[in-house]
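2 protein chains.
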Amino acid sequence: MELNEFQPLYKQLVLFIRKQIDEGVWPPGSQIPSEREMCEMFNVSRVTVRQAISEAEKDGLLERMHGKGTFVTNLKINQALQQITTFKETMSMRGLNPSTRVLDEYIEPSDLKTASVLNLTDGEPVFHLKLLGFGDELPMSLYFSTFPLDLGKKMAEAARNLEGKGEGFSTYDLYEATGYVKPYMVKQTFEVDVADEYIVEHLKIKQGSPIFIVTSIFYLEGGHPTEFRKAYYRGDKYKFYINRLL
Amino acid sequence: MELNEFQPLYKQLVLFIRKQIDEGVWPPGSQIPSEREMCEMFNVSRVTVRQAISEAEKDGLLERMHGKGTFVTNLKINQALQQITTFKETMSMRGLNPSTRVLDEYIEPSDLKTASVLNLTDGEPVFHLKLLGFGDELPMSLYFSTFPLDLGKKMAEAARNLEGKGEGFSTYDLYEATGYVKPYMVKQTFEVDVADEYIVEHLKIKQGSPIFIVTSIFYLEGGHPTEFRKAYYRGDKYKFYINRLL
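Protein chains in written order, with UniProt numbering: chain F, 1 to 246; chain G, 1 to 246.
Everything labelled a hint here was simulated from the structure, so no lab data went into it. Here the structure is a predicted model, which is why all the values come from computation and not from measurement. Don't take each hint at face value.
The list cannot tell twin chains apart, which means a pair is met if one copy fits it or any two copies do.
As the list claims (entries may be wrong) - Result set (BS3-like, lysine-lysine): computed pairs, CA atoms no more than 30 Å apart in a straight line:
{"no.": "1", "residue 1": "K11", "residue 2": "K153"}
{"no.": "2", "residue 1": "K239", "residue 2": "K182"}
{"no.": "3", "residue 1": "K165", "residue 2": "K239"}
{"no.": "4", "residue 1": "K130", "residue 2": "K165"}
{"no.": "5", "residue 1": "K165", "residue 2": "K153"}
{"no.": "6", "residue 1": "K239", "residue 2": "K204"}
{"no.": "7", "residue 1": "K58", "residue 2": "K239"}
{"no.": "8", "residue 1": "K11", "residue 2": "K154"}
{"no.": "9", "residue 1": "K187", "residue 2": "K76"}
{"no.": "10", "residue 1": "K187", "residue 2": "K239"}
{"no.": "11", "residue 1": "K113", "residue 2": "K19"}
Make the full structure from the sequences, and use the hints.
Here you go:
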């Protein structure tokens, strides 16, 4: 850190802390150097270091743990389980700029399982759509969806359209964009796993990183299934919450 | 496999398959040898192998994936997110015999965070209770709970009592056992991580295995907090589900 005589020392130190965090030098959840070490690093007084840490704590950058030290706050995206929030809203709430890339789209004969889930005849063609959601420039979530053919074509068209506009969306947002059908109910299971090669490559996380796998089946009001989806969320960036009466 | 002349060959083969799965030689989700390989392994006809695989599939041991092969079913415990199921019910539904061990209990002055969550004065003593839940002989979930002192003492007493009877329970079941207070609401967050040393040791899983971390705060009807709990569930054994209207 180069000291700047026009700003109070502690403010410069807060900027330095923010930079370390933003650049990943101090990753989320990691312990930062002790007050004494920071005094020595910058040749400043303990009072200045304490003032900077307090300020960074108020800004939500750091968290002091009683008797353990000071840690970089692990700010995960906190997604509700009971009500749906769109991908755009979820990212915006965390102050991230949402965008989505269409990774792949193709038609394939359905296998027995997919046909059964989507209430189709085994072998009937289905439409696969793969999306990658970003918060700022960071890949956050992968969506692998399978639709009945006609719906899938419309969804992919809407996806390419929104992608062209630089919008952030998941497949759920595409129903409104197409205005074709509106899902009424969703069944979801939440599982955990460690990232395989494909996930590592797309979510830009380390091999062996923990991920959420959320499998969803969407249904229309009459009970007809419209989508079978597997979504992969970065475990270091996502948490899900629920509040309920017992 | 030693062939036994008193049982049909395919039945013996099903027993062999079950044994491979039970003993973990074929882990959940893994691909089993091809029909041809199994014919050669046991010197039996393709018809016999097919009959055995069909039988094992009907029993829910195996799952055939179109064009990919046959896999060991990954039967996870499927826990509802919307309503509460007791630990005992959850294990029993999967045909597992539930039991619980009290790992640890101690009194400690609260740190600022715990005191704030439990609505106590910083430093006021709190009661820690650690439980380990088993399905059959397999460790399934770890519960680290913190209670206000008086409640904690009662909960620990109930826990030791139920443990002595060989019962399966989580901290939630202890409220009824004590008959002291009854939680009315719970706030929960679901996170994923990989197992650290303590978790590895107690859940008997490999270092780096994915786990669910479920943080809960339980409240009484008036809004008073009664328990702060971190629960760790084996990622290879648990999944959570929710069905909801959109």
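Verification of the hints:
no. : hint        : in the structure
1   : K11 - K153  : neither (54 Å within a copy, 47 Å between copies)
2   : K239 - K182 : both (27 Å within a copy, 27 Å between copies)
3   : K165 - K239 : within (28 Å within a copy, 37 Å between copies)
4   : K130 - K165 : within (18 Å within a copy, 52 Å between copies)
5   : K165 - K153 : within (19 Å within a copy, 60 Å between copies)
6   : K239 - K204 : both (18 Å within a copy, 25 Å between copies)
7   : K58 - K239  : within (22 Å within a copy, 37 Å between copies)
8   : K11 - K154  : neither (52 Å within a copy, 50 Å between copies)
9   : K187 - K76  : both (24 Å within a copy, 17 Å between copies)
10  : K187 - K239 : both (19 Å within a copy, 13 Å between copies)
11  : K113 - K19  : between (49 Å within a copy, 27 Å between copies)
Violated hints for the displayed structure, listed by number in ascending order: 1, 8.
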